[in-house]
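Visitor: Below, each chain spelled out in residue letters.
Number of protein chains: 2
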Amino acid sequence: MTPEARRAQLVSAALDLYGARSPEEVAVEDVTRAADVSRALFYRYFSGMEELHVAALGSVAEELIGRVALPADGSLDSQLADALDGFLDVVGRHSRAYVALLRSGSVVSTGETDAMVDGVRDHIVDLLCVRGGVPDPTPLQLMTLRGWVALVEGSVLVWLEASRVPARSELRDWLVEQLFAMLGVTVARDPDAQFSTTPSALGTSR
Amino acid sequence: MTPEARRAQLVSAALDLYGARSPEEVAVEDVTRAADVSRALFYRYFSGMEELHVAALGSVAEELIGRVALPADGSLDSQLADALDGFLDVVGRHSRAYVALLRSGSVVSTGETDAMVDGVRDHIVDLLCVRGGVPDPTPLQLMTLRGWVALVEGSVLVWLEASRVPARSELRDWLVEQLFAMLGVTVARDPDAQFSTTPSALGTSR
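Line by line, the protein sequences give chains P and A.
So in the working numbering, the last spot in the first sequence is 206, and the numbers never skip.
So in the working numbering, the last spot in the second sequence is 412, and the numbers never skip.
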């Protein structure tokens, strides 16, 4: 096994273990047992559980960024629905890792995990600005988009706590509707804050 | 000076110093100089800057909770405007402390400061539920209210970064409008999620 494959195997074992308990409760022995490797091998790759947690949470953050890529064409609402489906799929599969990533009070919270969360947020806001044709958003537009991302995060936490009620598709549609309602309030107040919801320049210029 | 008064004096000196620089950059010597006390006296009250930071940020969190109390009568939008004015006033006076409170990656973030932030959030959501006549909110209602609180927090961070543009009263009105738009989306989807926006039961029953 290459070093990269071995590292990925340990990350994957950690993510599997997070399915049954929260990251704080996963110990080095649990990982070595699940991956069927020695402690010595574990410590060749990671200095300890904290480093493995950061790597595992980082892989979830990367997967989230990968899955929210907006397609280049179609209306904004259908693009958003697709992106949110991807987001909710990843969060659903890695719910404990996602909660740990967001819970700043958690044992595994570090400057690094916070930077990952900020990276996902900034990525989504940037995507929305590009897609909406506002490369240089006004303060109210930026508040609207960052606020909507915060709504997505907060809703997902409530959704996971509430045993995934309502259904994922309903949560997705509700989130899309919320963004449009929020953008509507902003445009009414800020005439420069027009946001393009028609097929994107990217899509139509091809 | 009583011990309580001395403690309050040191907290107040710390909050004043946060006006010019962020909490991470305030040292014990800065506080003892500003309060004109000896290092020995400082250490009689606090084990170090971290404990003083927590006490100072806690006093800001308490002030926020104190200022968002909704009056018992009037329409929900006028009540919210009053509560937000109070919130934005406290945040405006203690902007660095507020940013430090919210920035989970900051040096002064601890389980204690996170619990304070959660306390302010829960308090606002509870108030809104009581005021809106929904003591037992549905998951979508809870997502709407928590999401709006997240919008308030995120907007305030953008607002402080953007040199307080737009004007405070415009930010306040925009936030009230956003809550109504968000509640509107939720009611359309969730017929049980009716939220009372007329003068509250509390107010009218007197």
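FYI, nobody ran anything at the bench for these hints, they're computed from the structure.
Incorrect hints may have been included.
Stated by the list, open to error - A few chain P residues facing chain A, derived, Cβ under 10 angstroms: (1) Ser-78; (2) His-123; (3) Leu-127; (4) Cys-129; (5) Val-130; (6) Gly-132; (7) Val-134; (8) Pro-135; (9) Trp-148; (10) Glu-161; (11) Glu-170; (12) Asp-173; (13) Trp-174; (14) Arg-189; (15) Pro-191.
Claimed, not checked - Computed list of chain A residues with no C-beta within reach of chain P, every gap over 12 angstroms: (16) Ser-265; (17) Arg-327; (18) Arg-352; (19) Gly-360; (20) Asp-379; (21) Gly-390; (22) Ala-394; (23) Thr-403.
Nothing here was measured: the structure is a model prediction, and the numbers come from that model.
Idealized CB from N, CA, C, for every residue including glycine.
Visitor: All hints, please: hold or fail.
Guide: Hint check:
1. Look at Ser-78 (chain P): its Cβ only gets to about 18 angstroms from chain A, farther than 10 angstroms, so that hint breaks.
2. For His-123 (chain P), the suggested interface contact is broken, since its CB lies about 16 angstroms from the closest CB of chain A, more than 10 angstroms.
3. Interface restraint check for Leu-127 (chain P): the shortest CB-CB distance to chain A comes to about 17 angstroms, outside 10 angstroms, so the restraint is violated.
4. At a threshold of 10 angstroms, the smallest CB-CB gap from Cys-129 (chain P) to chain A is about 13 angstroms, leaving the interface hint violated.
5. Restraint check, Val-130 (chain P) versus chain A: the minimum CB separation of about 18 angstroms is more than 10 angstroms; hint violated.
6. Hint status for Gly-132 (chain P): violated, given a least beta-carbon distance of 17 angstroms to chain A, over 10 angstroms.
7. The beta carbon of Val-134 (chain P) comes no nearer than 14 angstroms to any beta carbon in chain A, farther than 10 angstroms, and the hint placing it at the interface is violated.
8. With its C-beta approaching chain A no nearer than about 17 angstroms, Pro-135 (chain P) sits outside the 10 angstroms limit, and its interface hint is violated.
9. Interface restraint check: Trp-148 (chain P) against chain A, minimum CB-CB distance 8 angstroms, threshold 10 angstroms, status holds.
10. The interface hint given for Glu-161 (chain P) holds, since its Cβ lies 9 angstroms from the closest Cβ of chain A, which is under the 10 angstroms cut-off.
11. A least Cβ separation of about 7 angstroms between Glu-170 (chain P) and chain A falls short of the 10 angstroms threshold, and the interface hint therefore holds.
12. Given hint, Asp-173 (chain P) at the interface with chain A, holds; its Cβ is 8 angstroms from that chain's nearest Cβ, closer than 10 angstroms.
13. The beta carbon of Trp-174 (chain P) comes within 6 angstroms of a beta carbon in chain A, closer than 10 angstroms, and the hint placing it at the interface holds.
14. Interface hint at Arg-189 (chain P): satisfied, since its Cβ lies 6 angstroms from the closest Cβ of chain A, which is below the 10 angstroms cut-off.
15. For the restraint placing Pro-191 (chain P) at the interface with chain A, the shortest Cβ-Cβ distance is roughly 13 angstroms, beyond the 10 angstroms limit, so the hint is violated.
16. With 12 angstroms as the threshold on Cβ separation, the claim that Ser-265 (chain A) sits away from chain P holds: the shortest Cβ distance comes to roughly 20 angstroms.
17. Its beta-carbon lying about 9 angstroms from the closest one in chain P, Arg-327 (chain A) breaks the requirement of being farther than 12 angstroms from that chain.
18. A cut-off of 12 angstroms between C-beta atoms contradicts the statement that Arg-352 (chain A) is not in contact with chain P; the least separation is 5 angstroms.
19. With a least beta-carbon separation of about 5 angstroms from chain P, Gly-360 (chain A) fails to lie farther than 12 angstroms from that chain, contradicting its non-interface assignment.
20. Not every Cβ of chain P is farther than 12 angstroms from the Cβ of Asp-379 (chain A); the closest lies at roughly 8 angstroms, contradicting the non-interface assignment.
21. A cut-off of 12 angstroms between C-beta atoms contradicts the statement that Gly-390 (chain A) is not in contact with chain P; the least separation is 7 angstroms.
22. Some Cβ of chain P comes within 12 angstroms of the Cβ of Ala-394 (chain A); the nearest lies about 8 angstroms off, and the non-interface call is violated.
23. Once the 12 angstroms rule is applied to beta carbons, Thr-403 (chain A) is consistent with being away from chain P; the minimum gap is 16 angstroms.
In the structure shown, a violation is registered for the earlier hints numbered 1, 2, 3, 4, 5, 6, 7, 8, 15, 17, 18, 19, 20, 21 and 22, in ascending order.
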